[in-house]
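**Q** Residue numbers (the numbering used here), protein chains in the order written: chain A, 460 to 753; chain B, 12 to 303; chain C, 1413 to 1837.
Be aware that one or more of the hints could be misleading.
To be verified - Here's a subset of chain A near chain C, in silico, CB distances under 8 angstroms, partners left out:
| # | residue |
| --- | --- |
| 1 | H495 |
| 2 | I580 |
| 3 | V582 |
| 4 | P585 |
| 5 | R602 |
| 6 | Q605 |
| 7 | T608 |
| 8 | L612 |
| 9 | W656 |
| 10 | P697 |
| 11 | G698 |
| 12 | S699 |
Calculated directly from the structure, the hints in this document are not laboratory data.
We put the CB at the ideal spot given by N, CA and C, even for glycine.
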Amino acid sequence: MTRRANTEYLWVLPVLIPVFLFTLYPVAHALWKSLHRSQVLLPGEPFVGLANYASLLNDSTIWASLRNTLGFTLVAAPITVVVGLGVAYLLLANYPGRIYVRSVVLLPWALPGAITAVIWIWVFHPSWGLLNHGLRLAGIIDRNLQWLTQPDLARFAVAVAHIWAQFPFAAVLMLAALSSIDSTLYSAAAIDGANAWQRFRFVTLPQISTMIAVLTVYETLVAVTSYDVTYAMTGGGPGSATTLLAFQIWKQSFSMLNFGNGAALAFLTALLSLIFIALILWAIPAELFRTDDE
Amino acid sequence: MLGRSLLLFGAFLVFLFSASPVILSFIGSIVPDQAIFSYPPNWFGYGVTLDNYRYIFTGELPTVYQAEGANRSMISDAARQVPRALFNSMIVSGSVALINLLLGGPAAYAYARMRFRGRRATFIGLIMAPLVPSAALIVPYYLLVQQFGLLGTKLSMILIHSIMTLPFTTLILSVFFGRIPDELEDAALVDGCTPLQSFLRIFVPLVRPSLLATGLFAFMLSYSEFLFAHALGGSSDSRLLPVVMAALARNTDVSWGLLNASIFIAVVPSLLLVIVVWRFVVEGLLAGSVKG
Amino acid sequence: MALHLKHLVRVAVVLALALASFGVAQTDIDFAVWNYSLDIVQDNIEKFESENPDVDVTLNDYTWPDYHDTMVLRFRGNNAPDTLYVGQDWLPAWASAGWLAPFDEACPDLTQYAADAANYAVNDMTYQDQLYGLPYYADTISFLYNGAILEEHGIAVPETWDDVLQASLQLKEAGMDHPFVYEYGQELPNFFDAFVAQVYGRGGDMFDEDLNPVFNDPENAAFQHLQWLQEAVTEHDIMELVPHETDVIRTMNTGQHAFSVVYNYVLAAMNEEATQPRAGEFALALMPGEAHQTLGFAKFYSISQAATNDADKREAACQFIEYMGGGDYSIATRWAAENGLGFAQLPLFEDPAVRDAWNDWIDVDLLREQVASARTGTWTEWTSIWSAYFRPLLAQAMVGESTVEEAMNSGAARWIEYRETVRGN
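Bound-form chain A, shown alone (with noise of 0.2 angstroms):
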């Protein structure tokens, strides 16, 4: 291999330069902050070393919170990686009407949390949603549930509307993944005899797995940051039943005036979604660094 001067830097430096620059100088702050009484209502910026994060560890809306953005997370992520496989598989099959099936599929992806949860608690809602309306139509209830104030019904809810906004991203990505694989490998294992649950798990997984690494990382940690479909349809209620921990920074720091609290945490969420993504690497043969360095 030639050896040129370092040209490869041009290749990265235009994406690593800003950034690292826009992203050193927040997390600087936010980490200054994390690390200082920062709230509103007192006097001065004292440092007080770990004591915020102290403090949030003794609080159980914090852990109550921490539970439900696991809960959420090991929920949405794969299932949206799954319904993205299924989907994608959809969009490369022969079928009648499959433009239409393909045009509509990345609509969802178009629209802000907002819009999102509006649609959505159109559908849940207990007095006029649809589907209270169509499962009493069915006769399958009569009486309303109550799908946004009932624990373990809002969780199905917003987990519901977190997966449609989702979706078609991971379908998008694994069509590519899927289309990329060389076509004279299912030839052979045709010629082996393999059934299709063989094909796909000897062939087809192996080929995709790099794709599925990247997305579950992706979704993860869409799921553990982002929090404005979930807040819109429910205000993390009842009570903390669907609190998630990213909220839980905007609230300590916005509505509870401590700063000093939301950075703190935030620290605490990059901590989570560290361990997330450290195990799902470690679970999922991916190939990110194919031409290592020795």
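Knowing the structure of chain A, use the given hints to seat chains B and C on it.
**A** Frame of chain A; chains B and C shown alone:
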């Protein structure tokens, strides 16, 4: 036979799941509120009207409000910001998508196919960049953008949305570039191509549909981002779509019909864009971008 | 003669405009609002500008749910607005942080208007004995019912919360799923305010004179009312919990519900002929309970501390606030007549324009009675952050996910903790 009906059924479900909320909002925008909230439901018993659309584009009040002394508590001027916000969002998100491809494409290529000192470390750093939730970064970003005198400008939104999306687009594109067989690159090198030439002539055409799909991803992420668009946004002239939509969704002075008309107007351009770009993506992918 | 005068006026106006555009320096002020009926706000600003050509007002609008947080961001980010809407619950924190300027220092001429305003409104606009605002609107939280439904079932308008329960059970018996629509939005300050209003209806208190919590005492009306709400949800199942006040409007208009507790302007929207199928069926009743009192509150125009650094800006800001919230109250009258927004300026109850418009959707005399007995909330520096902590507890207890005792006790403990942190005792 069973497999086939299962396929059709699945396709039908996916169609319903994806499209029906939007179809709903279209219905909600053309029938009067009375119809939607009638019980038992009688959606089409009250006629249809385009008044809400007319109000948004021309400012002419819906007929029902034109009576003398009518209480106007359910008609919001904010709905009239939708067309302008749509335009702003198109510009911002379009620029973000372009920047992502122009900068993220080469970077992803380098990460996938080149070896250089710090490659692994900077790549991991890049993936870690979006780890701290943005809710905690709003204040420093605000101070930063204000320092540059960019509060309330499209430029600041393009910048921030690009920073948000670049790590992901680089990661995703590096997966695509990494899947291309080595023989193609070797052949290019034998032909005496520089890395730039082999990138532009061989790799970009090969992954073009995936590039477009990734650009679409950056576009959509920017198009639906609310937190920064709201916190760093300015007057109604430069406001982005999610901010206006959030106002409409949560304000008390917006009738259901007006809200739904706004939703539909917000969806249509992205739908058109999606159909056009998406066609290239799907056709490109199905044509088999890589054959061994 | 008349013609001459007209002529003179016209010349004077032209001259004034010319002077304004060439001679007088423009003063720019900005004005932050939550975007309710923005076209009317804009129109009011234009009227102000045409009367005060040397002042240029820039409007910044934000959504109501984001407004508080955005203002915090702007104050923290050294980008304070000059004039702004402020809510009663935020005033103590914002004033003590030094973000707002008291009228005594900034706009001494405006303090006179307090004399015309309802007591609860003056209290809401006052922090440490200093006035910080002129009212944008003021309202009470009211108990509403569907008159047609009550009539059909031969039910009298409820006087007490037990009446409400009995009536609801009767309606339920007759096939109505959830007779009571309750705005259940734990992230919205109104969720707490509405609770306080109901406690006031029972004649109860949340705190004593020395700002000690009393709501965690099982004998207290607040404790008992939360108990009532919990039983209404879990045991009697008469409550339709909806996430937002806009949902109250829609949900009540399905005609499947009889009662609700919301702001009066929501009643105006519910009774709006143009969009609501059941318009005209909804009416106000005094807040149920022995005392029939309720919570009154004011939202108001304030001037920021930052605006007082520049004498011209300060002057212009005061002028603008006076135009919007004082003077002949024409702006308040307009809000009342066109949008059904409540008012703090008591003289408006006699205004024929207001009475005429309001008679279409509310019993004005009954409202006047309710307003006369309305009480103010307990607004301290920490009330709004405490309320952000307490509301989820309230919400949780309401649906039976925790006991009333747990919610009230941890709310009380947190109140004392905040009080000690902020005041040191």
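**Q** Work down the list of hints and note, for each, if the structure agrees.
**A** Taking the hints in turn, this is what the structure says about them:
{"no.": "1", "hint": "H495", "in the structure": "violated, 14 angstroms"}
{"no.": "2", "hint": "I580", "in the structure": "holds, 7 angstroms"}
{"no.": "3", "hint": "V582", "in the structure": "violated, 13 angstroms"}
{"no.": "4", "hint": "P585", "in the structure": "holds, 6 angstroms"}
{"no.": "5", "hint": "R602", "in the structure": "holds, 6 angstroms"}
{"no.": "6", "hint": "Q605", "in the structure": "holds, 6 angstroms"}
{"no.": "7", "hint": "T608", "in the structure": "holds, 4 angstroms"}
{"no.": "8", "hint": "L612", "in the structure": "violated, 11 angstroms"}
{"no.": "9", "hint": "W656", "in the structure": "violated, 44 angstroms"}
{"no.": "10", "hint": "P697", "in the structure": "holds, 5 angstroms"}
{"no.": "11", "hint": "G698", "in the structure": "holds, 3 angstroms"}
{"no.": "12", "hint": "S699", "in the structure": "holds, 6 angstroms"}
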